[in-house]
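Take a look at the letters that make up each chain.
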Amino acid sequence: MDGAMILEWVIKSIFLILVMTGGFAYVTLYERKVLARIQVRIGPNRAGPFGVLQPVADGIKLIFKEELVPAKADKLIFTLAPVLTVIPALIITAVVPWGTEVTLFGRTIKLYLADINIAVLYLMAVTSISIYGIALAGWSSNNKYATLGGLRATAQMISYELALGFAMIVPVMMAGSMSLVDIVESQKPVWFVFVQPLAFLIYFIAALAEINRSPFDMPEAEQELTAGYHTEYSGMKFALFFMAEYIKMIAISMIGSSLFLGGYRGPFVDQLPALGPLYLFIKVAIVLFVIIWIRATLPRIRYDRLMQFGWKVLFPLALLNVFVTGVVLILVGG
Amino acid sequence: MDGYPLFSLVPWTVFLPVIGLLLNLLVGKRLGEKGIGLIASLASGLAFVVSVLLAIALKGHPEAVTIPLAEWITVGEFNLSWAFRVDTLSVTMMLIVTGVGTLIHLYATGYMHNDVRHNGDPERYRRFFVFFNLFIVAMLILVSADNYLMLFVGWEGVGLCSYLLIGFWFEKGADGIGNARAAKKAFIVNRIGDFGLLIAIFLLFWNFGTLEFDGIFAKAAQAAPALLLAITLFMLLGVTGKSAQLPLYVWLPDAMAGPTPVSALIHAATMVTAGVYLVARSSPLYIQAPAAQMTVAWVGALTALLAATIAIGQYDIKKVLAYSTISQLGFMVAAVGMGAFVAGMFHLATHAFFKALLFLAAGSVILGMEHGEEHAAQGHSPGSHELDPQDMRNMGGLQGRMRTTFWVYLVGALALAGIAPLAGFFSKDEILAAAFQQTPAIFVLLIISAFFTAFYMGRQLFLVFFGKARSAAAEHARENPAIITVPLIILAVLSVLGGALNLPGVYTLEHWLEKSLAHVPKVEFTAWVALLSLAVALAGLFLAWLVYSQRRMPFKDTDPLARYLGGLFTAVYNKWWVDELYQAVIVRPYRRLAEFLAQPVDVGLIDGIANGLGSVSRSIAEQLRRFENGYVRSYALTILVGVAVIMAFLLFR
Amino acid sequence: MLTTGTIIFGVFALVVIASALGMLLSRNAIYAALFLVLNFATVAVLYLILGAPFIALVQITVYAGSIMVLFLFVIMLLGAEKLPAGEPLGHHRWIALLFGLVFLAELALFLVYRAGMRAAVNTPPLEFGSPAAVGMSLFQKYALPFEITGFILVVATVGAILLTRGEGFKGRKRTLEIQSQDK
Amino acid sequence: MIPIEYFVGLSIIMFVSGITGVLLRRNALVVFMSLELMFNAANLLFVTFAAYYQLLAGQLFVFFVMTVAAAEVAVGLALMVEIFKTKKSIDIDQMNSMKG
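Going line by line, the protein sequences match chains A, B, C and D. Residue numbers for the first sequence, in my numbering: 1 to 334. Residue numbers for the second sequence, in my numbering: 1001 to 1653. Residue numbers for the third sequence, in my numbering: 2001 to 2183. Residue numbers for the fourth sequence, in my numbering: 3001 to 3100.
Looking at chain A on its own, in the form it has when it is part of the complex (with noise of 0.2 Å):
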């Protein structure tokens, strides 16, 4: 524990954190220019070049907002929802890897914050302590629109994550090791959603319902509860919620490819491991897309509807799915 890697370790930290709050306010302005496309329109486009600077703009807005705070709230559980909704958000992605190893100033770095061999476990940690932000928050503002909305997310969330753990308990097997690079290196010949196709499928929808987007955005249904758990919320604070959301859709995105996709590989990546970076952003932004996609095409579900897919549909296939693919596995790898 020298401290050069305690350096190095603080350094790629906040490298991370800036990627991702960088990559939170450039995705929005990503969705919304393709969903502007996508419904023949142009998009934010007068702040700086085809609106670059739109985001900057947006969070100078929200900066000067002003703040309120219900009177009933539970002000200190007010305050503490947005942050603990973020910060679940901002560390998941620590264990993912970027790529490889790559020299720099005469060092060799890896380019993984922490290669650690319960990897896919913490990421399931993770997620499951990410519910509490949505639920305090919906609870705090003492709004029985917010409350509802909290209590929604709270068992969408529960109930999805169960699939969504099996659909990772199957790259796990696969590779045999909990460690995403382990996982991300066993891919080398076939990447896992071609031999595990199910599985990426169940993985995408549980997590696009894990992170409450469109089609599975019950808690924030406008038409019935004003806006969910975040109706009382303004300035800063909603602007942690919205950052919470985005950073949670590039963090799916980025385990999802590294979990199917092949993560930070592709072609050539064994000779210039400075490609692997390249490769993952390239397989983020088309996962982002199709999940953008999806929210301008697909209509939100009942959320009775939502619970029964959940339990009724996702769950025994996620289950079986890692059946089957344990007694393939024993039959084929003994």
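No wet-lab data here; the hints were simulated from the structure. Among the clues, some could well be false.
Below, a list of computed lysine-lysine pairs in the DSS-like style, where the Cα atoms sit at most 25 Å apart [as the list claims (entries may be wrong)]:
1) B:K1034 / B:K1219
2) D:K3087 / C:K2082
3) B:K1172 / B:K1184
4) A:K33 / A:K61
5) A:K72 / C:K2082
6) A:K72 / A:K144
7) C:K2082 / D:K3088
8) C:K2082 / A:K144
9) D:K3087 / A:K33
10) D:K3088 / A:K61
11) C:K2082 / A:K75
12) A:K144 / A:K75
13) A:K33 / A:K110
14) B:K1185 / B:K1172
Let chain A serve as the given structure and place chains B, C and D on it in line with the hints.
Same frame as chain A, now just chains B, C and D:
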């Protein structure tokens, strides 16, 4: 088992009747009478086939074989398995039980058909055959047991079945509970005997540490004589209960309350011989205890004489046979008591044939009488309904109307009386010979009994079949269908030929049983004893002819014998007042004791203690109730206090 | 002796104790639940220190992530965060506190007098509590308990569904009745 | 490294806090949570001794405790919800009769 796979069939002797009874129990309702009878008879018949196969196998391999079926009891060192013993003795018993049993089953299908017609309730038909098969099962367990405990299971099983079957017409009899009472009596008296057997088994286990025959017999010679005496005497108590010997014979005459096939199966051919079998089986123990042997012999001889005298004074056709059975069992017990095990077993076999025959034929007579009664009632006055179809005073002259029955009855009676070429002659003679060689006193008793035997059988023959009909029912009696007569004929043939089992000079049975009872002394054929017994039998018959056939005996007239004997006949008619004696000496004081215990002791003392305890605990509970306030937290607090106290104890001890 | 390890442990132990007491003392059930979550998370860190990474993350996933979320959910659903004041059992509180302290003292005495193992816990090798090691022993040596646990989980699931389902059936029937009345 | 007594002591404090919570709190849900705290104290001991004796069994036991605790919580909370439906309260002192 080496090389003799037939031996492993032995569990099937038990399984087949079990299957039969289960089938009848489960689907019997739908099968109807024919099906039920068929299944029951088939189950018993197949068991007989298995026994025959076993006998064939034993011919080539005469040593005893133990076939373990399952682990039964394993407690510490003690290990007892449910095992079957195949040796000549047990297979002989199996053959008798299943063979005679099958014939009686066949007979019963016909007999019970009439019974259902007479007594209603067709449900009973099935129940009867379920009990019958159950009885066969229990009896086979008894004889095939490899240890005393399993034998005891069978022993109790036959006791239970006899209770069920004696009380089969439980709603009939005196006051509507007479039959139930008879069944109860049989059960309770048997229980007294069982108690003796149980103590014997306890003593065996206590001293030998095992209950398996081989294990015990191997150590028998080393055991203390006093102990062996105790064991054998307690066992004798069991024998007197099950085999209806003095002083516990009183249940058997009452047991005639059951249907006639029951009497034939249980109280003549099989169950009552269990005691004889037990003594024969335990022969290595008895041989070590001469005093016990002597006791057994005397008990048997006295019983033989007593029962024979009582039989003379009875009017009920089945009662006569019942006392005759007791008497003949006395012969067998006396035989095994004197060490003449083969003779006892021989008599057991022949007796099974002719006594079953006699009972079944008596049943045939009763059925014929019932027919006649019905017929008479249709034509004539309805008042003759109270007529007892079993009372010999109502019969007479049946030989013309029931030819087959008459002939087979004659064969059975002559066999029982011990007339020369028939089965009974040889077996009884062997017992007499043994008695003559060993204990002349017993020989005298037995020869007197034999005389009485011939006399009462003659009396019965003349009363039932000869002379003129003494009632309308007897006039109209008619022969029974083949299903009833065919088993009778078969049994009659067996009664005639049964002596061939152990003809003097050939000794088939003796050589056969030798394998199981090798240590017993041989009995020589003594010509003049045989002649004497034959002479005595002929004399008895002749005397009976003198008394009964010369004059017509009108209805309800006094017995001609009573005129010659006077008060003695009254005593005999009243069975020497033994039942009354038991009533006065045992039952009544016992009842008074029970009443005393019930009233002052139980109500006053025991209930007082119980109620006192109740009210004390109630008042304590009233105080404790305050802690039960329904608050979960205070319960939890109580637990914590307890834990804290225990911890303090652990800490400061 | 203050080593780095001890200091780290001290900090986390303080958090553990503080959050336990916070749960104990907070009037609001939501706060109690949150304190407990904090407690669990900190204990998970202690597990990491003790070389049990698998258990640590399971602790977070199961306890902090599922069980406590469920608690929070039920509290919010029932609106049961606050109860009216008032104590029906008069002396109960003081007796409970007294015996709680007695119990604590006893346990502490045990620790002091009966412990007899003043050895430090060494952080075990990394493979010790790894998922592979845990999995191997779980599916080989402890396969039967594992299956039984699975069975218990299924039973509990069925039980929970059955317990909370009753109203749903009635409700559905009622709507059906209303619909049939409409027609 | 860290002496084992520290962990044991910490576990004791947690356990006693749990007990006190069970005894003092009237909110049935908080009582329930206190139970979980006691579980956790026990689990900490298991893991501590697993590390101390280098025996994996301790950790596995904790795993089983957690799983069973999850089952217990599912049923327990379902019961709480049902009780709330009938009693309109979650006060544990109201649950003092056998019949609902």
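Item checked: Which numbered hints fail -> 1, 9, 10, 13
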